[in-house]
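Enquirer: Chain residues, written in single-letter form:
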Amino acid sequence: MDNYQASRMREASRGRGLIPPCQVACPLHMEIGEYVDLVAQGKVLEALQVIRDGNPFPSICAYVCTHPCEDACRRSQVDKPIAIRALKRFAVEFGGDRMIQLEAETTQSEKVAVVGSGPAGLACAYYLRKLGYPVTIFEAYSELGGMLRVGIPQYRLPREVVDTEVQRLIHMGVEIKANTRVISLDLLFDMSYKAVFITVGAHQSLRMGIEGEESPGVIDGATFLREVNLGLKPSLGERVAVVGGGNVAMDAARAAVRLGTSKVSILYRRSRAEMPAGPDEIEQALEEGVETMFLVAPTKMKRENGRLSVTCVRMELGEPDAGGRRRPVPIKDSEFNREFDTLITAIGQAPQISEDFRLRLGRGSTIQVDPVTLITNRTGVFAGGDAVTGPATVTQALASGRQAAFRIDDYLRHRYPLADKEAEETLSGELLPETIEMIRKIERLEPPLLSPEARAKEFKSVELIYNWEAAVAEARRCLRCGMGAEILFQDKCATCLTCLRICPYHVPYLDERGTIQIPADQCQACGICVTECPARAIVLRKPYDRRHIDEELEHALKSAAASKSKPLIIGFCCQYGLFGTGALASLWREGKAGIWIVPVLCVANLEEGHVLRAFEMGAEGVFIAGCGEQCSRENTAFWVLQRVERIRRALSQIGLEPERLQTFNLHATEGDTAEALDNFTERIGGLCLASVIRQEVKS
Amino acid sequence: MAEQKPLEEIRRIIAPYERVLLLGCGTCMTVCGAGGEREVSFLNSALRVAQAKSSDGIHSFSEYTVKRQCDFEFLDMLVDKVNEVDAILSLGCGIGVQVVAERFPDMPVLPGVNTSFMGMAKEWGVWDERCAACGDCRLAETAGICPITRCTKGILNGPCAGTKNGKCEANKDMDCAWILIYKRLERLQQLDKMRRYYPPRNFRVIPRPRRIVMKADVEPGEDNG
Chain A
0 MDNYQASRMR EASRGRGLIP PCQVACPLHM EIGEYVDLVA QGKVLEALQV
50 IRDGNPFPSI CAYVCTHPCE DACRRSQVDK PIAIRALKRF AVEFGGDRMI
100 QLEAETTQSE KVAVVGSGPA GLACAYYLRK LGYPVTIFEA YSELGGMLRV
150 GIPQYRLPRE VVDTEVQRLI HMGVEIKANT RVISLDLLFD MSYKAVFITV
200 GAHQSLRMGI EGEESPGVID GATFLREVNL GLKPSLGERV AVVGGGNVAM
250 DAARAAVRLG TSKVSILYRR SRAEMPAGPD EIEQALEEGV ETMFLVAPTK
300 MKRENGRLSV TCVRMELGEP DAGGRRRPVP IKDSEFNREF DTLITAIGQA
350 PQISEDFRLR LGRGSTIQVD PVTLITNRTG VFAGGDAVTG PATVTQALAS
400 GRQAAFRIDD YLRHRYPLAD KEAEETLSGE LLPETIEMIR KIERLEPPLL
450 SPEARAKEFK SVELIYNWEA AVAEARRCLR CGMGAEILFQ DKCATCLTCL
500 RICPYHVPYL DERGTIQIPA DQCQACGICV TECPARAIVL RKPYDRRHID
550 EELEHALKSA AASKSKPLII GFCCQYGLFG TGALASLWRE GKAGIWIVPV
600 LCVANLEEGH VLRAFEMGAE GVFIAGCGEQ CSRENTAFWV LQRVERIRRA
650 LSQIGLEPER LQTFNLHATE GDTAEALDNF TERIGGLCLA SVIRQEVKS
Chain B
0 MAEQKPLEEI RRIIAPYERV LLLGCGTCMT VCGAGGEREV SFLNSALRVA
50 QAKSSDGIHS FSEYTVKRQC DFEFLDMLVD KVNEVDAILS LGCGIGVQVV
100 AERFPDMPVL PGVNTSFMGM AKEWGVWDER CAACGDCRLA ETAGICPITR
150 CTKGILNGPC AGTKNGKCEA NKDMDCAWIL IYKRLERLQQ LDKMRRYYPP
200 RNFRVIPRPR RIVMKADVEP GEDNG
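Top line first, the protein sequences correspond to chains A and B.
Note that numbering that gives the first Met the number 0 gives residue 194 to position 195 of the first sequence, counting from 1, and the numbers run on in steps of one.
Note that numbering that gives the first Met the number 0 gives residue 213 to position 214 of the second sequence, counting from 1, and the numbers run on in steps of one.
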């Protein structure tokens with residue numbers, strides 16, 4: 000229940016936030032905005048916790064997710080999307096995901112069988128265990144993981160990652176039966192399993208249907224990758240052709256490179272723009288020396304003199320088909336011959352479902368299921384993953400496995416299946432050009448890659464991990480969609496137009512009825528209007544950022560009162576960047592005499608009241624430290640200084656020296672913050688002494 | 000438009016009272032940034048710092064902001080709060096202070112702002128005077144620009160000899176109102192209005208305090224036919 004409570008708390012902290020497009024696009028609907036924000040604060044452990052709450056196997060997704068979230072990311076309207084997958088990888092590695100041990104108690108008596116140990120099967124087993132069911136996974140191969148193990152090459156997903164997740168499942172009490180092909184579902188029910196989840200994947204390569212396809216030297220992509228991934232080294236010869244343009248074709252071509260083939264050519268019947276493979280995959284394949292032949296399709300093959308003679312025809316693109324891609328049309332009399340040693344076909348895969356299962360099959364021999372309950376035509380039999388959808392992504396499979404676990408739970412508990420999540424309001428809409436113009440452009444940081452030379456030799460993971468600074472900087476690019484300001488108290492609003500006049504992004508506007516509107520799809524959640532609103536009518540949809548300051552301040556004041564070190568100095572420091580990456584954190588750890596740091600989620604959210612409260616509670620000096628040019632916004636310094644001036648005015652009217660309030664690092668990273676801070680501390684010490692002397696003289 | 004009184008002054012006038020209610024106003028004083036909820040809260044914080052840093056006087060402050068202080072009905076909801084304090088520091092305009100005082104006859108009511116003028120926001124954080132509420136509006140003759148408030152001398156037949164390059168001799172950053180009037184009349188092709196003499200105004204037509212009566216004096220039951 001801990002997780003449940005944690006997610007409830009997060010829900011509360013998210014307040015009235017709208018679901019951002021990245022979360023909508025994620026098949027698992029992970030709270031991406033949340034964990035990206037935590038990475039931006041350098042809080043990897045918390046980020047990992049959020050990730051683990053939404054994803055059974057984050058380490059796997061961190062490597063292979065096709066990140067539909069990044070495609071939906073609204074930052075791409077400004078410059079480039081946030082590197083969400085790479086940030087997840089960072090959180091998984093730096094947060095110590097592999098150290099996490101999970102336990103699960105058996106609280107239910109009904110046994111559930113999972114047939115197939117691909118991502119969908121593993122995810123289903125994971126969630127069923129968490130729900131307390133005894134679970135057995137049946138796997139035909141010797142090792143678990145399905146496509147994770149036999150489909151995806153090691154350089155994209157190291158085997159240790161899959162091993163760790165499988166071990167974790169075993170530790171959670173999932174029973175594993177490897178080398179066990181299920182031939183009859185009746186048998187499973189006879190073995191007293193009350194529900195069965197079929198997730199056998201789509202391992203059967205489609206045939207091209209051309210002459211000579213049976214010739215020696217022609218191998219299908221799925222079989223080839225399976226052999227490679229199971230440690231065999233198929234001999235390919237010097238020249239290899241791969242037919243197809245999807246991820247399997249890329250994987251096969253890149254695996255062939257790593258097996259020492261001198262020349263690998265990809266034959267694809269459309270052009271690069273239509274290739275279904277991920278753009279990164281294509282790019283990396285080209286870097287590794289894979290040759291591409293676009294608008295080419297083989298028409299027949301013949302084995303001659305120990306070589307494969309392939310007749311190809313050139314294509315041109317015709318009318319778009321139902322899927323919107325332009326249909327390739329052969330060009331008359333454009334046949335030509337090429338010789339290869341091996342030809343790998345990778346034009347698609349389909350599930351292979353035993354007839355003995357007596358399941359109703361649909362298009363492309365996939366299992367037909369109810370889309371909500373995932374139940375098949377047989378009672379108690381559920382199906383998911385590629386076996387239902389045809390070849391899809393790992394994340395889709397995980398989502399399908401999770402859905403299956405909850406629907407199986409509903410079925411076994413005789414509950415009407417509930418929708419996965421209450422319908423929450425989502426954020427939609429494009430950014431307006433005026434808004435985009437005002438958003439600071441910050442370059443996307445890609446995680447480093449192994450050099451093409453180094454990676455072509457072996458099956459080591461190609462992508463490396465961000466370092467701390469890069470991850471924090473990349474995460475800070477997030478636009479925080481859906482977390483923006485709203486006028487919560489319309490009756491308080493005096494329509495003074497302050498928000499409209501000061502918004503750095505020109506977002507608020509007056510509607511024709513004379514009411515101020517702050518469109519959620521444009522607001523950048525900087526919080527400046529919230530602090531400046533003279534009627535206090537505006538709140539952020541994510542109120543946590545402000546509450547956080549109150550809590551941290553009271554905590555610091557309490558600790559300071561207990562420690563009694565003098566003079567007491569309170570520092571409000573940006574928790575992004577500076578504090579997160581450690582420049583001030585070192586000072587904080589050394590516990591410099593009397594300095595107490597209050598971490599602030601952007602100093603633009605700091606109110607005069609916070610600073611005055613510190614003085615009220617005995618602070619002799621207060622400083623505000625920003626994150627310098629790391630700030631993702633342009634106006635933070637201006638607004639902080641506006642407030643600083645007001646406070647200084649009040650201080651001098653009270654008879655306190657205005658220089659007791661100081662700012663650091665607001666506009667740009669200053670030379671040596673530590674030194675500046677030392678000087679400040681010294682000065683405050685001096686002021687303290689002077690006021691003590693004044694008191695003495697008075698009395 | 001108004002601005003908050005200096006803290007020293009506020010501290011001096013509240014000195015005799017232990018429990019003080021800081022009362023904001025949610026309309027004009029909010030718009031001009033002098034006495035809305037945010038300002039009430041700022042003042043509360045600042046007064047507490049002042050108290051913590053000096054040893055004189057122990058006050059306890061409470062804060063509240065009503066929609067408008069200038070109508071009794073908005074003040075009715077304050078009765079319970081008022082019973083628990085020794086004085087009210089009103090951040091309403093001069094009208095607000097007086098209405099609060101009238102509503103709570105036994106309670107000392109103190110002004111927290113200096114009500115200054117009627118005007119407009121030039122931009123965020125800058126306000127300019129525009130109207131003197133003279134009760135005898137001449138804007139039709141002066142192209143919508145008021146010489147009473149915007150001319151330093153408030154003369155009705157300008158410009159005077161002190162205008163230079165369109166600015167006023169009293170303040171070279173300030174536009175001469177009469178030059179503005181001239182230019183706008185020229186633009187409207189009504190320069191003939193400049194060529195007329197406007198006699199001095201008769202201030203006796205404006206007896207104070209002024210009262211406006213909109214409702215007709217009718218007796219219930221009286222036949223209007």
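Please note: incorrect hints may appear among the correct ones.
[Stated by the list, open to error] So, partial list: chain B residues that the calculated Cβ filter (under 10 Å) puts toward chain A:
no.: 1; residue: Leu6
no.: 2; residue: Glu7
no.: 3; residue: Met28
no.: 4; residue: Thr29
no.: 5; residue: Ala33
no.: 6; residue: Gly35
no.: 7; residue: Glu38
no.: 8; residue: Asn43
no.: 9; residue: Leu46
no.: 10; residue: Lys52
no.: 11; residue: Phe103
no.: 12; residue: Gly124
no.: 13; residue: Ala139
no.: 14; residue: Glu140
no.: 15; residue: Gly143
No lab work stands behind these hints: they were computed from the structure.
For every residue, glycine included, the Cβ atom is placed at its ideal position computed from N, Cα and C.
Enquirer: Quick check on glycine 124 of chain B please, does its C-beta sit within 10 Å of some C-beta on chain A?
Expert: Holds - the Cβ of glycine 124 of chain B comes within 10 Å of chain A, reaching about 8 Å at its closest.
Enquirer: Taking 10 Å as the limit, does the beta-carbon of asparagine 43 of chain B come near enough to a beta-carbon in chain A?
Expert: OK, holds: asparagine 43 of chain B within 10 Å of chain A, min 8 Å.
Enquirer: Is the shortest C-beta separation between alanine 139 of chain B and chain A less than 10 Å?
Expert: 26 Å, violated
Enquirer: Would the hint on glutamate 7 of chain B stand, with a C-beta cut-off of 10 Å toward chain A?
Expert: 6 Å, holds
Enquirer: Let me know if the C-beta of glycine 143 of chain B comes in closer than 10 Å to any C-beta of chain A, holds or violated.
Expert: For glycine 143 of chain B, the interface hint is violated, since the closest Cβ of chain A sits about 21 Å away, which is over 10 Å.
Enquirer: Phenylalanine 103 of chain B was flagged as interface toward chain A. Is the shortest Cβ-Cβ separation under 10 Å?
Expert: Cβ of phenylalanine 103 of chain B sits 23 Å from chain A, so the hint is violated.
Enquirer: Going by Cβ atoms only, is glutamate 38 of chain B closer than 10 Å to chain A?
Expert: 7 Å, holds
Enquirer: May I ask you to test the interface hint for glycine 35 of chain B with respect to chain A, counting a Cβ-Cβ separation under 10 Å as satisfied?
Expert: 4 Å, holds
Enquirer: Does the closest beta carbon of chain A sit nearer than 10 Å to the beta carbon of leucine 6 of chain B?
Expert: 4 Å, holds
Enquirer: Lysine 52 of chain B was flagged as interface toward chain A. Is the shortest Cβ-Cβ separation under 10 Å?
Expert: This interface hint holds because 6 Å falls under the 10 Å limit.
Enquirer: Against chain A, is methionine 28 of chain B within 10 Å by beta-carbon distance?
Expert: Cβ of methionine 28 of chain B sits 9 Å from chain A, so the hint holds.
Enquirer: Going by Cβ atoms only, is alanine 33 of chain B closer than 10 Å to chain A?
Expert: Hint holds; alanine 33 of chain B Cβ to chain A Cβ min 9 Å, cut 10 Å.
Going through the hint list in order, the structure does not satisfy hints 11, 13, 14, 15.
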